[in-house]
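Enquirer: What follows is each chain in one-letter form.
Protein chains: 2
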Amino acid sequence: MNGSVEISQVREALRGVKDPGLGRDIISLGMVDDIEVEEGVVRFTLALTTLACPLKDEILKNAKEAVLALEGARQVEVNLREMKSEEKKRIWPSDDREELRKEVARLNRVERTLAVMSGKGGVGKSSVAAMLAVELRRAGKRVGVLDADITGPSIPKMFGLHEPPPVGPLGMLPAVTESGIRVISINLLLPNEDEAVIWRGPLISGAIQQFWGEVVWGELDALVVDLPPGTSDAALTVMQSIPLNGVLLVTSPQDLAGMVVRKAARMAAQLKVPLVGLVENMSYLTCPQCGERIEVFGPSRAMETADRLGLSLLAQLPLDPDLARRCDAGQVEEYENEVFQSLAARVMERASAVKSTPIFAKG
Amino acid sequence: MNGSVEISQVREALRGVKDPGLGRDIISLGMVDDIEVEEGVVRFTLALTTLACPLKDEILKNAKEAVLALEGARQVEVNLREMKSEEKKRIWPSDDREELRKEVARLNRVERTLAVMSGKGGVGKSSVAAMLAVELRRAGKRVGVLDADITGPSIPKMFGLHEPPPVGPLGMLPAVTESGIRVISINLLLPNEDEAVIWRGPLISGAIQQFWGEVVWGELDALVVDLPPGTSDAALTVMQSIPLNGVLLVTSPQDLAGMVVRKAARMAAQLKVPLVGLVENMSYLTCPQCGERIEVFGPSRAMETADRLGLSLLAQLPLDPDLARRCDAGQVEEYENEVFQSLAARVMERASAVKSTPIFAKG
Numbered sequence: 003m004n005g006s007v008e009i010s011q012v013r014e015a016l017r018g019v020k021d022p023g024l025g026r027d028i029i030s031l032g033m034v035d036d037i038e039v040e041e042g043v044v045r046f047t048l049a050l051t052t053l054a055c056p057l058k059d060e061i062l063k064n065a066k067e068a069v070l071a072l073e074g075a076r077q078v079e080v081n082l083r084e085m086k087s088e089e090k091k092r093i094w095p096s097d098d099r100e101e102l103r104k105e106v107a108r109l110n111r112v113e114r115t116l117a118v119m120s121g122k123g124g125v126g127k128s129s130v131a132a133m134l135a136v137e138l139r140r141a142g143k144r145v146g147v148l149d150a151d152i153t154g155p156s157i158p159k160m161f162g163l164h165e166p167p168p169v170g171p172l173g174m175l176p177a178v179t180e181s182g183i184r185v186i187s188i189n190l191l192l193p194n195e196d197e198a199v200i201w202r203g204p205l206i207s208g209a210i211q212q213f214w215g216e217v218v219w220g221e222l223d224a225l226v227v228d229l230p231p232g233t234s235d236a237a238l239t240v241m242q243s244i245p246l247n248g249v250l251l252v253t254s255p256q257d258l259a260g261m262v263v264r265k266a267a268r269m270a271a272q273l274k275v276p277l278v279g280l281v282e283n284m285s286y287l288t289c290p291q292c293g294e295r296i297e298v299f300g301p302s303r304a305m306e307t308a309d310r311l312g313l314s315l316l317a318q319l320p321l322d323p324d325l326a327r328r329c330d331a332g333q334v335e336e337y338e339n340e341v342f343q344s345l346a347a348r349v350m351e352r353a354s355a356v357k358s359t360p361i362f363a364k365g
Numbered sequence: 003m004n005g006s007v008e009i010s011q012v013r014e015a016l017r018g019v020k021d022p023g024l025g026r027d028i029i030s031l032g033m034v035d036d037i038e039v040e041e042g043v044v045r046f047t048l049a050l051t052t053l054a055c056p057l058k059d060e061i062l063k064n065a066k067e068a069v070l071a072l073e074g075a076r077q078v079e080v081n082l083r084e085m086k087s088e089e090k091k092r093i094w095p096s097d098d099r100e101e102l103r104k105e106v107a108r109l110n111r112v113e114r115t116l117a118v119m120s121g122k123g124g125v126g127k128s129s130v131a132a133m134l135a136v137e138l139r140r141a142g143k144r145v146g147v148l149d150a151d152i153t154g155p156s157i158p159k160m161f162g163l164h165e166p167p168p169v170g171p172l173g174m175l176p177a178v179t180e181s182g183i184r185v186i187s188i189n190l191l192l193p194n195e196d197e198a199v200i201w202r203g204p205l206i207s208g209a210i211q212q213f214w215g216e217v218v219w220g221e222l223d224a225l226v227v228d229l230p231p232g233t234s235d236a237a238l239t240v241m242q243s244i245p246l247n248g249v250l251l252v253t254s255p256q257d258l259a260g261m262v263v264r265k266a267a268r269m270a271a272q273l274k275v276p277l278v279g280l281v282e283n284m285s286y287l288t289c290p291q292c293g294e295r296i297e298v299f300g301p302s303r304a305m306e307t308a309d310r311l312g313l314s315l316l317a318q319l320p321l322d323p324d325l326a327r328r329c330d331a332g333q334v335e336e337y338e339n340e341v342f343q344s345l346a347a348r349v350m351e352r353a354s355a356v357k358s359t360p361i362f363a364k365g
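The listed protein sequences correspond, in order, to chains A and B. Sequential numbering of the first sequence, starting at 3, is according to this note's numbering. Sequential numbering of the second sequence, starting at 3, is according to this note's numbering.
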């Protein structure tokens, strides 16, 4: 006896549920079988490309909701399993890398790409990049972080990510943070996070190009790219291979940092990548004991630097031991400081003002 | 009338005076002519390869002293001029780059080479490298600094060096700081210090190899090499092309910095370069108002990191706004802090313990 719900109705309802990583509905992907209906209880098996799929919960939730929306369905039970390799082949018949890249390019839709750059290391560029992603996520955006710092990656640690990213049949999927930010970094792929990546430029460039073109990012409102210090291979590859809507420059009050950030600005100008503005980090520290405002790295030169570069100074951020602590503990997503919230809003506004059509990964 | 001093005596006396940059005496180099002696007053012309020669004062002083040591010489007057190009050719008949490199290698004698590395940027590696050089110089050593950070060079600014280094017929000579430290950096060669050096790896490596093998360093007790962040081309080239007596690792209390410094340590181990120890920089800040000890980047993890790496923790350095200020003002040589003095002594002691014969630049 079949209650009032037909199997065909269930099938139709599930045709409205997409695998966000693959960009197609779960019925046409062959992910659903064994549909049964018994007295309003709907049971089916959902075959995922990998059980480590970071989007598993989302697909499951959407599938359950779609079925429960049917009149007469009062309960849904889903049995999960992993696809067999011949099933996967049915979806992606080709092993050819170029074919896969094209397929990935078809799926990836990144509305805005934003690189965070400083030229000089240690000015807190990665924590600014991380907090930018956190604030955009808090504002409801679909956000990714591409860690382009191959030899000194710090993004995964800040988000408490230590597991290798899942690999689907199309390619690597980003790791997903607690709040749902998608992250790719070389450190997720190392057997040990202390491992050194002793690579010359072409390998560095190759890794960044793969992170952009061969990772199944899916649909993103914003991709934040964390650049390493310097104006050599990594920065060049990012500026030449990823269509950027803007570069956010991060500096510190030290005149030395200012000099190196001006080098970064010149590089962006030469490569015709738009700058969205300047952030001064580590501007001052408030003594937790007496409240004294201490200019650890000397008096601010941010306005002067911004003027020289013809940029807006978007924020002056204090040195906050709490942020350092949370980054070390993998809890950057728990850090709150309204200055980052307004920074994220201003950066997105400026990046959106840049003339650009939705960007697709290179095929 | 010739007084009691013979021209031949003057000539012999000057044969004892070397051009330290060229390693030969000024008579056989053809640098002296027009010797005259009149009533105890000795006059001659000294022809230098370049009037911008940083060793000019030293040669002049030695020449005067050598002549005044002659009995009967009561005054010396030296007329300086620059050698004509045919005179220079007489000294170095070849324009062939390989010949020049061999000649430079013959002259350069570097007793100890020490690289300062952190993996992560902004932990104050360059200021540690600079202060190491300053303290060694204060201890009477002949010291050079090779700035291997091609895309983010900060050494010249710290020492207040802004002029291009002099070029002699054999090749480039280092710039010389107020206290006599010899410095080579890409920033000395740029028309404008803000200029970006947008180079891929092979150019970066080529520049470092030239700084080592084609610069006329002369005789040095110690050469300090300031490495950029990362474990890519620059670090690889330094470790593979410069025979290092040791690498000093610099970290900060952040666990993130610790992770990246462990990568640097692994790289050194893989390339069989000896590590001399670990320095923790930015360990704490003393509030100038209330004296509170503020752990800006969280509690120290230096002992733990040193233990994990099997290294000695050679120093824990405070964050000192005064050091940042002096580095920005080009006055790092005026900074004093006894902690650097003992650090320099310990580092040299360890680097000297490493089995090594005097090192010559690669021909």
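Among the hints, erroneous ones may be present.
Claimed, not checked - Straight-line alpha carbon distances no greater than 20 Å define the calculated SDA-like cross-link-like pairs of lysine to any residue that follow:
#, chain 1, residue 1, chain 2, residue 2
1, A, K20, A, E67
2, A, K274, B, K58
3, B, K274, A, I200
4, B, K90, B, A141
5, A, K66, A, S87
6, A, K20, A, G74
7, A, K274, B, K104
8, A, K90, A, L53
9, B, K86, B, G32
10, A, K143, A, E180
11, B, K20, B, V78
12, A, K274, B, E84
13, B, K274, A, S87
14, A, K63, A, S87
15, B, K58, B, N81
16, B, K104, B, I200
17, B, K274, A, E197
18, B, K58, B, E84
19, B, K20, B, K66
20, A, K58, A, E100
21, B, K20, B, G42
22, B, K274, A, E180
23, A, K274, B, N81
24, A, K58, A, G74
As the list claims (entries may be wrong) - Cβ-Cβ distance ranges computed for the label pairs, FRET-style:
#, chain 1, residue 1, chain 2, residue 2, range
25, B, Q343, A, V169, 51 to 59 Å
26, A, P320, B, E101, 55 to 63 Å
27, B, V341, A, T288, 52 to 60 Å
Keep in mind the hints are simulated off the structure, nothing from the lab. All values derive from a computational prediction rather than experimental measurement. By construction, the Cβ of each residue, glycine as well, lies at the ideal position given by its N, Cα and C atoms.
Enquirer: For a quick check of understanding: which of the numbered hints are violated here, in increasing order?
Expert: 2, 4, 5, 6, 7, 12, 13, 14, 16, 20, 21, 22, 23, 24 and 27
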